[in-house]
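Trainee: Chains as they are written, first to last, in our numbering: chain F, 44 to 345; chain V, 54 to 423; chain E, 625 to 1140.
No wet-lab data here; the hints were simulated from the structure. Backbone N, C-alpha and C define an ideal beta-carbon position, used for all residues, glycine too. Each hint should be verified, as a subset may be incorrect.
Which chain E residues face chain V? A few, computed with CB under 7 Å, are given here [to be verified]:
#1 A952
#2 N979
#3 S991
#4 P994
#5 V1003
Stretch by stretch, here's where chain V covers chain E in the computed footprint (C-beta under 8 Å, at least three residues) [to be verified]:
#6 928-934
#7 966-974
#8 982-990
#9 1069-1076
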Amino acid sequence: MYDELLLTVLLTSVPLILAATGELVVERSGVLNLGVEGMMLMGAVAGFGVTSLSGSPYIGMLGGATAGALTAALFGFFVLGLATNQVATGLALTIFGTGLSGLIGAPLVGQAIDGLPVFIVPLLSDIPVLGVLFRLDLLAYLSIGLVAGTSFVLFRTRAGLIIRAVGDNATSAHALGYSVLKVRFYTVMFGGMMAGLSGAYLPLVLTPHWAEGMTAGRGWIALALVVFASWQPWRVVGGAVLFGGVTIMQLAGQARGWSVSPQFLSMLPYLATIIVLVAMSRGGRAERGAPAQLGRIFLPPR
Amino acid sequence: MMRLTPRPYVSPHQLLLVPVLSVLLSIILGGLIFAALGYNALDALYQFFVAPLSRPDQIGNLFVKACPLIIIGTGLVFCYRANIWNIGAEGQLIFGALGAGWVALYLPESWHFMMLPLMILGGMIAGASLAAVPAFLKTRFQTNEILVSLMLTYVAGLVIDWLVRGPWRDPMSFGFPLTPYYPDAALIGKLSLPVIGKLGQLHWGILIALCVSGLGWFILSRTLAGFKVRVAGDAPRAARFAGFSPNIVTFSVLLVSGALAGLAGMVEVSANMGQLQPQISFGYGFTAIIVAFLARLNPAAVILAALIVALSELGGDSAQIAMGIPKVVTGVFKGILLFMLLAGETITRYELSFDLRMTGGKMSRGDADV
Amino acid sequence: MSPDREIPLLTGRHISKRFGTFTANDDINFDIHAGEIHALLGENGAGKSTFVKLVYGLLSPDEGQFLWHGAPVEIRSPQAARDMGIGMVFQHFSLFDVLSVAENIQLALPAGISLSEVKERVITVSAEYGMTLSPDARVGDLSVGEQQRVEILRCLLQNPSLLILDEPTSVLTPQEADQLFAVLRRLRDDGCAILFISHKLDEIKALTSKATILRAGKKVTTCDSASTSAKELAELMVGAALDNSMRTPPVLHKGADSLFCVAQVSRPAATAFATALQDISLSVMSGEILGIAGIAGNGQTELMEVLSGEAIGDVTAGKIELDGVSVAGLGPDMRRQKGMRCVPEERNGHGAIINMSLSENALLTASHEPDNVSASGLVSWVKCHALSRKIIGSYDVRTPHHDPLAGSLSGGNLQKFMIGREMMSRPRLLIVAQPTWGVDIGAAQAIRAAMRTLLEDGTAIIIISQDLEELLVMSHRICVLNQGQLSEPLPAQDVTAESIGLMMGGITNSVSERAV
């Protein structure tokens, strides 16, 4: 029974991990993309549709990632090419992505697909309770790999150094000869790909159907998660399990008639995020925290 | 690579062109998307933009949909003009509905003659108090108001969920999450015009909306407080030079927009639902952001902008009924509209040029353009 | 001298650079040898920054040529300059606070060098020059002096043969400056040439062997800094011609009392790049003009904010009194109501709002007047418009139509409007920063004449300006702001180019004897 609980928590956390890790990289480069929800939905509908057409959930995964990346490219065009307000553009992306995915997915409602199979690691998967960790699907394992990869690239490679530099001081990066807009475009695309994968996870693993708005706000939760994790990849994992766990606890609590209202439990992650935000801004920008350029428009000087 | 260079001077005519062109382009692009998905584009566009205006009761419903957008949009215009990015209007609307709902459900009978004014007060105070959180955190700790107001939207949604399922649930509702129906004194009735009679679902909350819009325009353009807001947003250093306190401006605009969002929440529930349920808003707080941008942050244009956006909402309904197009498609239009507006803003301020030179490799260091 | 020391490392011949009609560098001839520390001296606007940008490849000369090791060369970009062996440390650093010292440096080096290699080099090179730096320290946690070392180290790791430093000691404490000089001397001994931009005469004499003085875009001379006295340097920098300039300050009304005084006011630096004000004291009498001279970056903006009331929270000590009554706790609007008016140096976004109309700009400093704003907060735009028309009429502001946007006015006309706006209110005290900066001659004369007229009403005026000639023409007394400190005011007729140059160069009367 605890197995089931743990499994549900893990499965709920995977899409959050994927989307938040992608957005984390984007924000590290100084861009705030509020369109995660829209990108996720595009990934979900593409993941579902491509799987349905091709019969292969793996191709469906790729389809989801691609759809996410393309949606992000739209965002990048406006925010980087046309220097539009990032908050408004991100919002537009969410609204647009939600709408477009619903439109594309309309004929797909009611269909079912065969999702990603589960890989069972021999021996390890027989451990009581924790064995669940070894009975997951490919994308779940991939998500951890992506977190590890992101952490490695961000903190141990030159590319990651440049990304962090651009997010800290775009003018200096430009003075040193780095193309701020190009770096940001790549991170935005990466964020889109991850959001697309995250959205695709929903029909491919959680519920093998398509429904309008099936992300149910997970994109916004991913945004909160990035802040909560102080823009550190491994903290995203912990936070995602926490946020996911809280949702599960809410349902479990309701069923068991716990005295603490489930809604207050659900509120905790958001309130915690606000507290984290305040703590970071009190410490001043130089503290581990928000990339200094977050949300600011950069125009290359002539 | 595209390059942007600031334009020296922009005429008011050019600035007006932006919303007009944006709306036109959105219609065209929307039509193309319809065609691409296999629907008859012209029919769809007709259903969307013309059909809703074809009957008087539909026009009434147009104003009903525009009502909350006008109220919230006016408040957001204040915020955005001061460069304060309040994204949490949705949550403030919910809180406002709760504040008004508390009055509606618990006000003693003898006080019912004061019900509506008290509900308005309760709604506005509740909305403002939620907005006070990002205001306080921004002025005291320089915390980003975007993320804080967004997080609080979730909190608000959970609070109403808890109240409606818990302490405020109607014992007679057979387990459905609904509060008791409001007493008559707490309802906003339908508007009955002389000669024409009732116009669809049009209720007299629209009069509140029109007043709010007018007041908003008046305050922003004709009072010192409004002037301070505009200066703070346009040139914060000049504001300090003038002796205007940036903290007071921040607090004021957030409280005002929170109060107005709360007012909209009160109106929506009293006019259209008559009781509280877990979901009382359908993204009005976010849609109002588009309205504010479409109005180019000018309170005088909020009514028209709200009507246009409401039209696309209504159009979505009629397109769904007539042609089976999913309601969600309004999101497509709204999204495209906002994209076009944003692009238009850029093009009016900057000249766009194309530079076919490609610099260096992926992350290599080229020569700086300093 | 060995033969190859005779060929200068870098030569500039007949270098000229123009921006529109303004000539920033006019036919400059310059050379610097390996192993030489060479100062570039001059006031603001003399052309030092332009020249140095030409050397570093940020700009290209309109006329003239550079020679490197005697061979003609075109320096097309900073990257090209770096490849040649020219490094530059700017006044404003290009560092990333979030990253470590080593990471910052790695970003400035070509790709392919591993972080551990960079760390090693940081340790060796910094030890070699006596600049201790920990490669893993977060740059955001370092002091400004240490941050500057990171910048220097960045340059050093690319093996420069010429190192340019732009006013490096403006952000350093005296101890840090000494440490910097030790590093620079070691570099010189290793054969590096150093071009050191400064206006501080004591430093130039202490550190450099040669000094090139620029004034108004032209080179005045290159001299031997060791054997030239500070007084002579000062004179060269400011211009002996100043002694003969037309000085006709308006007649001082006798029997006037001190109208406004500031005593021992201090204000710590708000950021690492701001200037701390120390023990500022000044007083000005009714009907008098006090001129505050000084090269930009010595605290003028900070002083203006203290006087206008924009910095009330930051002032840590001292008194500010108008007519004997303290105004230190009053904000800008309250000070205006008492008759203290200010015109800041920045027109765009500070003293005026470019995207708003002139009537709105008029309201900016007149919102406390019951005529313009009623008790209930209602603005009478009619009155504001009338006010702006009055200003336009009285101060000859040329406008495209009856209520234009401030941004559509020319610089000179907007300046006339801004000054007129404050003068119109018949202030008791007027404080103006850079009153005729960017303004054509006609407008400048009009502004000065208007200020003189004010004096007849008993107004006291403080002018903060980099334009020495203007100050000498207008002021009764002049003092100099240097490094956040104000010198004793001198009567204008007692001021010589030499004395004021010394003060601007950081050498006060007490120090001048030693400086010779």
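Trainee: Quick check on P994/E please, does its C-beta sit within 7 Å of some C-beta on chain V?
Mentor: violated, 12 Å
Trainee: Per the CB criterion, is S991/E less than 7 Å away from chain V?
Mentor: Status holds, d = 6 Å.
Trainee: Mind checking, does the segment 1069-1076 of chain E have 3 or more residues with a CB under 8 Å from chain V?
Mentor: violated (count 0)
Trainee: Please check whether the segment 966-974 of chain E has three or more residues whose CB lies within less than 8 Å of a CB on chain V.
Mentor: holds (count 5)
Trainee: Under 7 Å is the threshold here; is the Cβ of N979/E close enough to any Cβ of chain V for the hint to stand?
Mentor: holds, 6 Å
Trainee: Counting residues of the segment 928-934 of chain E whose CB is closer than 8 Å to a CB in chain V, do you get three or more?
Mentor: The restraint on the segment 928-934 of chain E holds, since 3 of its residues have a Cβ under 8 Å from chain V and three suffice.
Trainee: Holds or violated: the hint that A952/E contacts chain V, with Cβ atoms closer than 7 Å.
Mentor: Result: violated, 15 Å to nearest chain V Cβ.
Trainee: Quick check: do three or more residues in the segment 982-990 of chain E have a beta carbon closer than 8 Å to a beta carbon of chain V?
Mentor: holds (count 4)
Trainee: Any CB of chain V closer than 7 Å to the CB of V1003/E?
Mentor: holds, 6 Å
When held up to the earlier numbered hints, the structure conflicts with 1, 4 and 9 and fits the remainder.
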